Amino acid sequence: MNRLNRLPTLRVNPSEKLTFNYIGSSCQGVKGDTVATALYANDVRIFGRSLKYHRPRGLYSMDGECSNCCVEIDGIPNVRAETTLLRNGMNIRPQNVRKSPDTDIMGFMDKMDWAMPAGFYYRCMHKPAKLWPFFLKQIRKAAGLGRISPDFHMKGRYDEIYPNADVCVIGGGAAGMTAALTAAGQGLRVILLESRPWLGGFFDYRTAEYTPSQEGISRTLCERARELSEQLENAPNVRTFVHTAMIGAYSNNLITAFQTGNKSDAFDERYMEIRAKSVVVATGCIERPLLFDNNDRPGVMQVGCAHRLAQTYGLLPGENAVFSVGHDLGLEAVLDLYDMGVSVACVADVREDGQDPHLLEKLTERKIPFMRGWTAHTAHGSKTLEKVTLSTLSGAQHREFDCDTLVASAGLTPVTGPLTLAQAKLAYDNHTGFFLPEKLPEKMYAAGRMLGLQSPLSIETSGKLAGLSAAADCGTSLEHEIKQTREELRNLAGPVRGSKFVTAPVRGQKSFICFDEDTTVKNIDQAIQAGFDAPELIKRFTAAGTGPGQGGIPGHNLPLLVSQWHTDSGLAVQPTTVRPPLVPTYLATYAGAKHDMCKRTPAYESQKKAGGVMQRAGVWKRARRFSDDIRCQEEVENVRSNVGILDASTLGKFRIFGPDALRALERVYVGDMSKVSEAKIRYSAMCNEDGCLLDDGVVVRRGENDYYFTTSTGRAGQTVEWIRYHARYENWDFSIVNLTDAFGVINLAGPNARKVLEKLTDADVSNAAFPFAGYREFAIRDTIPVRVMRLGFVGELSFELHVPSSFMQTLWELIEDAGKPLGIRNFGLEAQNLLRMEKGHVIIGSESEQRTTLHDLGLGFLWYRDKPQAKTVGAVALRQTEHQEGRLKLIGFRMEDASSRSPKDGSVIVDSTIRGYVCSARHSFALNEPIGMALAEPQLADTDTRLEIFEDSGDDRLYAKVVPMPFYDPEGEKLRI
Amino acid sequence: MFRKSERLWGKAPLMSDYDAVIIGGGLHGLATAYYLARNHGMKNIAVIEKRHIGFGGAGRNTAIVRANQRTKENLSLYKEGLELWPKLTAELDYNLMFYNCGNLNLAHSEAALSAMRMQVASARFFGIESHIADPKECKELVPALNISEDITYPIFGGMYHPPGGIVRHDAVVWGLAKGAAKLGVHIHQGTEVLGINVEKGKITSVETDQGTISTPRVLNAAGGYSASLSYKMLGIHLPVSVLTIQAMVTQPLKPLLDHVVSSGAYHCYANQTLKGEIATGAHMDPWPNYTTQTTAHYIKHQAEALSEFLPCLRGVRFMRIWGGLADMTPDMAPIMDGNDPIEGYYTDCGWGYFGFKSAAVTGKYMAQFMADGECPDMLRPFTLRRFEQHRLMGEMAGTVVYSPWN
Amino acid sequence: MALTITCPICGRRNGYEFRFGGEDKGARPDEEGLSPEDWCDYTHNNTCIAGIQKEWWYHRDGCGSWFTIHRNTITNLEAEATA
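Protein chains in written order, with the working numbering: chain A, 1 to 977; chain B, 978 to 1383; chain C, 1384 to 1466.
Bear in mind the hints are in silico, worked out from the structure with no lab data behind them. Computed from a predicted model, the values in this text were never measured in an experiment. Incorrect hints may appear among the rest.
Covered stretches of chain C, going by a simulated chain B footprint (3 or more residues, C-beta under 8 angstroms) [what the hints assert, rightly or not]:
no., segment
1, 1416-1423
2, 1426-1435
3, 1455-1464
Distance condition first, Cα-Cα at most 27 angstroms in a straight line; then the derived DSSO-like pairs of lysine-lysine [unchecked claim]:
no., chain 1, residue 1, chain 2, residue 2
4, A, Lys621, A, Lys820
5, A, Lys137, A, Lys99
6, A, Lys52, A, Lys17
7, B, Lys1159, A, Lys127
8, A, Lys387, A, Lys362
9, A, Lys111, A, Lys141
10, A, Lys127, A, Lys141
11, A, Lys961, B, Lys1049
12, B, Lys1027, B, Lys1179
13, B, Lys1252, A, Lys522
14, A, Lys52, A, Lys111
15, A, Lys522, B, Lys1064
16, B, Lys1064, A, Lys141
17, A, Lys155, B, Lys1113
18, B, Lys1277, B, Lys1231
19, A, Lys277, B, Lys1277
20, A, Lys130, B, Lys1231
21, B, Lys1116, A, Lys155
22, B, Lys1116, A, Lys621
23, A, Lys31, A, Lys155
24, A, Lys31, A, Lys17
25, B, Lys1231, A, Lys155
26, B, Lys1116, A, Lys141
27, A, Lys443, B, Lys1277
28, A, Lys608, A, Lys820
29, A, Lys439, A, Lys425
30, A, Lys383, A, Lys99
31, B, Lys1277, A, Lys599
32, A, Lys621, B, Lys1113
In this text, a Cβ means the ideal position worked out from N, Cα and C, and glycines have one as well.
Next up, chain A with everything else stripped away, as it sits in the complex:
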């Protein structure tokens, strides 16, 4: 197809060719083409097939308000051809067609509409019930437009930015540009967003006269747009983002958008979150579709589509056209297209009067037949348009015209999505026929054509007013200017009268109100008959507006149609809901440049080198084990008989100090914290208000009103806020510091642990000088300060060394070297798990649930009941549940048959019903038989009770018996050597 290549409005470069592939054949487009215009230039008229009826669909609007032109590009489905710029080498395929769009073998579905009234699947497909699975399969096959491969890999770079602005202007037409310039003129930081690849909006493609003007220079609208755009380029504090779709508006003026990059950008798409003090919405209008039979036939297109196809892309929509319009822009398009060589058979206008007389004069000059109060009635043609019937609004008179193009539009409708998302209230306005903002959220303004303005000067002045108002919100005093501009605007042409809502005088079973879902005017009627009152329900019942077009086609017509047919309801005309994203957005774009964040301990590298299998545990990556043996036998036995080291740096570590530090500890720990001393650690627990175990750890006093304590890894992040929360009503004087990352922790454990430590320090670490549960501070190799605790989590002689993180790696290596002659080795979390199980120690979340109290775990002794004045968290519940019956209790068990395997974690304990479950069970190497811990109903808690265990595989039952804990070294002698 030849391009008109001398137009001043042209946005393509016809001399720069781009090559692409369409259904196996190589085609050419030009630089600046969208995929849709390139296909159109290659004589593609049928772009795809509709969802339900497989009707042929073609280019209808230029902004992608429906799924008509959704195509698959390079394996990506549902790409809007109208808004996607053509690139060299694209591989483009149609969607929802068998064979090709022209000869789709599913085309017969179009004859089946009688069998598919609104909601038909609810009413029939379940009868008989045995056929439902068959229907299900058919529904799944038929549903969906595009296809994506489960192995699909999305190429490209996706970025994200979070700019701040004083004023964010959405829409780069004349109003938006003026608003941006005005605000920038006040020295404010402005961000301007425009969805098309250039600024200009409705001015950009039009050569009609722009008539201000004090200067008296005659210019076209297109020239005016480029002038404003140039001024913006030169404004130092405006950041303009073109090809940027605004997708979300949230409270406090958070605006989200995404920008499509061009060749020179470092991103393919980039997600934006803009924090603005105030916002101007100047998103203009889209067209309101005209409702008549076969209004979706390829060859039928909107005014702006035909007009821009010619002016912006240099492509004539067809040779013989008929127009059915409702707005002066339609008449302007008639004249331009006629002058470019399109033959126009007839122009129908739904308006009886109100047209611009100058435009009518020009029609007469060109002898173009013009009919007031007429509308398109039916489009004819089996696949593409061949003929059109026009009729009067009442249907009394008809006329037919042969044509290949029907330019049809009922008028304009404002793009109110951004306002709705920002929680603005809209109301239907009879004069303009628009949904206009009735109440805008704070610091948000609307301007331009979306308010019903038509005259270029009014549009720009409303932009100026909005720009000033937004600037005033940023603290500039502009009362006078605002008042003056408001006056100025009042003296200019106001909102123009919109065309009335009409539907062609047809039965409507082929008048499509929603193209995406193949919803017809008739379907809406059926929904109303079924009792659906509100547009929102009708939308749900008929699916109108729920497709990829985001309601762009039915958004305006649906509420008007419903109110027209449903006059008895007395409901005000309400727009249907709009939801973000306003433009469908790739997950890749939303995800942006995502980073996987996790913390490593200071000894991470050493452990990795030692063969550690590192796995995520909460925010950390930790060594699970150091061999392929998932039972970790060697690691375990080495601790029991020799010495091992474990990196326990993830433990929570805190300093709390100040005159009221003890009070704070008494509030959150269940024990008697006044007994905490300097040479001895005290083990205690924190509970929630229900008396359930939340955390455990040790506390030591390091000076007057100065304590050091540890928490479990999982609670480290919440401990400061927990303590401060429970002190929030008190006027206590204490400080708390989280030292978790400041200290590394090494657990040196096993009967030979002391031999290793002795080599590294002059301090007396003998059992007499440093007994079990003792706390000491000394130096390693005279240099490294350590805080050392004698603890017994794994049940052997063990020293827990807390060391400043910067020394951790050095200390780790010193210990490894010192222990080498003894055969020291790493042990990981899995080995520790078995070692502590043998001692009957619980891990929170493993042997406890949200509802497990201290009493249930047999840890009630930790609770010191005689401190009611401390108002300890959980104390009330501990008192009230102390003797409560029917609670799950922690029990230990061994298998009846000691040679049997251990049951899997999570197996349930049953009789006629479920009585409990296995928390953890392992084969104990020390005892040479399986052991386990379970939470079970209290009647099963007595020693020697037989437990019947049912596993997830549902196979044979296993039998165990309840035994006392600890399983290993019940007297704790090994801790005290």
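Dock chains B and C against the given chain A, drawing on the hints supplied.
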């Protein structure tokens, strides 16, 4: 076959007297009304709905159904609930579009796998089909899954539950409304309850903006507004926090996901609806609000999560996100109670995000409760008093995520 | 920004920096004589106001202080205290 459409439910004038008044035209309210009429012969029943039926959670959830709960109290209830969908389809003569695609719940650690094993063992003990799947089987079930090691939370396995699936939420609302109306239930849309009157510890009447209704029985099934209503009208505080929960869909696709996939670690579920959209959600901002507003933060989070474990979806676009209210209790289990402390006053709330799965079966038992005045055994564990007795239910093994603490 | 919270120390910040800490229910009650109902009312029960409520927030990714604000639960916007 296709005669002119009949009204699914009629319009009746508000009467001054009903045997039962149900506040809330959501799933629980409509189901209770339906079963009161169907099973207990009660004829004069009013469902009072401030907006239109299905306006709240009923029309906003993503309608995933399953029966593999964690505790025995829940298992039997949800099992019966799951078995009801095909039965109700036939009974209401309205296709609820039960799509029995099965649910795959992913585990991303050994600990999660153990927790799932407990759920599987419990479910199987009660005859509910469910099994542990290794990563290879997960991949076979959902070929789009990324089972490699190089994601934030590698997949260790999963729990597959074939009898679960999805239902068409709107169809359930309309089907129940149709069924209830046919049995004589009056559905009053656009009617707001303004007060509940109690005399000598007994319910006497309900005030609405359309007039006063005398009644001996009231059910509070107002979803997200239950707790607020309970306190405002009767001074009864409930252990509820009302949060906005969000869900979203992508553009429609030809079949890609054959099962519901969910992941606790990624805080995300995804399934393909019968329209072809990938529906996904799960998150709540942990501060109470009635906005039902969506957030930029969450749609981004969801894209990040899905990018990792279902990476092909990076080439798919989100089309729509929305929010609804979830009334959360401290143990993530509902409150179903009645006649305590006010005779004739019943509560069915605190469902959080489990309200859909259970709606029909709950309606059946709440109807029995309201008709007999005696709490059916099935509902006993869900009493409001459990909170003051420190007997929280164990549906969530760990501590609940939305509370200030976790 | 969506939700913003005004911290008395750090000023108005993104809501995701904070943790919600519950309705303001007053100081901890004395243990003595506290009935299960009273205890439950203090720890678990909420008023669930659809409107403006006084509530606690913690500046987790900031200064680490607990403070109260008034917020309208219908709009998610901070509000002036009501009488």
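(request) Would you pick out the hints that fail for this structure and give their numbers low to high? (result) 6 and 15
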